[in-house]
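Engineer: Chains as they are written, first to last, in our numbering: chain R, 1 to 304; chain U, 1 to 304.
Read the hints as simulated data drawn from the structure, not as lab findings. The structure presented is a predicted model; accordingly, all values stated were derived computationally and were not measured. A hint or two may mislead.
Below, computed lysine-lysine pairings styled on BS3-like, alpha-carbon distance capped at 30 Å [said to hold, decoys possible]:
{"id": "1", "chain 1": "R", "residue 1": "K275", "chain 2": "U", "residue 2": "K78"}
{"id": "2", "chain 1": "R", "residue 1": "K199", "chain 2": "U", "residue 2": "K20"}
{"id": "3", "chain 1": "R", "residue 1": "K280", "chain 2": "U", "residue 2": "K192"}
{"id": "4", "chain 1": "U", "residue 1": "K75", "chain 2": "U", "residue 2": "K63"}
{"id": "5", "chain 1": "U", "residue 1": "K192", "chain 2": "R", "residue 2": "K259"}
{"id": "6", "chain 1": "R", "residue 1": "K75", "chain 2": "R", "residue 2": "K63"}
Covered stretches of chain U, going by a simulated chain R footprint (3 or more residues, C-beta under 8 Å) [what the hints assert, rightly or not]:
{"id": "7", "region": "28-40"}
{"id": "8", "region": "251-264"}
Glycine included, each C-beta is placed from N, C-alpha and C at the ideal position.
Number of protein chains: 2
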Amino acid sequence: MSLVVIGTVAFDAIETPFGKTDKIVGGAATYASLAASYFYDKTKIVAVVGDDFHQEDIEDFKKHGIDVEGLQIKKGEKSFFWAGKYHNDMNSRDTLATELNVLADFDPIIPDSYQDCEFLMLGNLTPQVQQTVIKRMKKRPKLIVMDTMNFWMDIAMDDLLATIKMVDVLTINDAEARQLSGEYSLVKAAQKILQMGPKYLIIKKGEHGALLFHGDQIFSAPALPLAEVFDPTGAGDTFAGGFIGYLAHVGTINFNNMKNAIIYGSALASFCVEKFGTEKIRNLSESEVAARVQEFVKLTNFTI
Amino acid sequence: MSLVVIGTVAFDAIETPFGKTDKIVGGAATYASLAASYFYDKTKIVAVVGDDFHQEDIEDFKKHGIDVEGLQIKKGEKSFFWAGKYHNDMNSRDTLATELNVLADFDPIIPDSYQDCEFLMLGNLTPQVQQTVIKRMKKRPKLIVMDTMNFWMDIAMDDLLATIKMVDVLTINDAEARQLSGEYSLVKAAQKILQMGPKYLIIKKGEHGALLFHGDQIFSAPALPLAEVFDPTGAGDTFAGGFIGYLAHVGTINFNNMKNAIIYGSALASFCVEKFGTEKIRNLSESEVAARVQEFVKLTNFTI
């Protein structure tokens, strides 16, 4: 039994009103697997990097108990690189550079030892590669969670819809839910998207929290109000990783566990934005995570 | 002991993507007092209308148990009139007409029978008139709640700050909190605003719910996700009226009661937007309100 995370492992260069970084480790699979590792000790990565990637970052995955057998290292090639600059409101950003490099012809190889996968996290990537991973699993995982973004809706909608059809949980933001469904109301958007295949839909609303839809049920989770958002990069991936990591930990899929998983994912995401890149979510203690989750309880709890 | 609501009682002409109305009854005091009347039976209005105002609308206040002794009717003058058109997203609107009429020289007269006021709701109005009402109360009410808007920040900031200093609870939206404080982060904005006088700050975020700040405590309430928002006019006033009406009902001011009051206010606001103007909130049953509040419980409840 294991949790397999597929996505980018990459270099990011980030500029926010608080400062800027050189190339630091980033990527959806990086954030998601680190987050998942706080709840579940059999987390495994499928990704590709170039030989410019740092051995110490690979060691860091291992230190978190993350299996890197499925992390391909391409000799003589360079890792995926993204550079971006956040505006003052931290809600919008400009992409300054995108260098696909090894990602251009990424063929996700699933090691035999990953075939015990029960929980599969498809981090944001071309829908076709996400689909390939599902097909290469000899036994369908118990739960497939898929993250995606507007970019694929713009250029690969057919592939995207075909992949969405195969998954259990879709996570997208509010603007993407509106784009995918053609509905402004998030309730109507969710109704349409739940007919596209997934049994669960999570709509991420950044500083406004997240909504979980399942049949007629809705759960609304807040985001933790923060005095300072230092760097939002990776918060969505961290959320998704914490979410599926918690579910892998409890093992049973139902609406109540999904709700808790959203709180755990939100708690980790709230740490993520407090420092640049993965700095904060690399170094959390169990008690810090537990205390943060209790802040969510206090934040939302009322008795009527 | 009573709850006094001051604000506009007016005519609105509203256009939304779902249709348009002729002149219908509106105004902050109308929405707030109707909402409060569901929880508290000693609600009293201070407002002014012209003799064009309809007797049947005044009768309707009375039917809800609302005292209209403080509602001045100016002979030969016209009621305040606002016309607006909502855009497709329902979050923004254009003002098509604003005719102050009787409001231009509104002198709020407090009947003697209102001097038992323990709960005072200052609906959105010029800060000077709001302040006059506080000063004309012979005994300071136990709780003063003030609603305001960006317009007064633009043209009467000094008056506004002087009035804010005198109240216990301020309710504004997120953009207004940022404008008033000069801080983008709502946590920082709240810290600054709580130093301006109020002990409690409610930041209304529309479809994203509301945040309550008090000292270091924060409560996050969701909005009910709705398939259709028919007409958002008056939702903020309805929220404020339900909020203070519930507090008047329970009588004791503390953070826990404030949290519940926000849920009750949010529940009434969620009804308000389902029909044009006051149509929906004029005709609610107790069981409808109770059921809606339970929807909020279901929406946010989780057990960790």
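Engineer: Are any of the numbered hints broken by this structure? If so, which, sorted upward?
Structural biologist: 1, 2, 5 and 7
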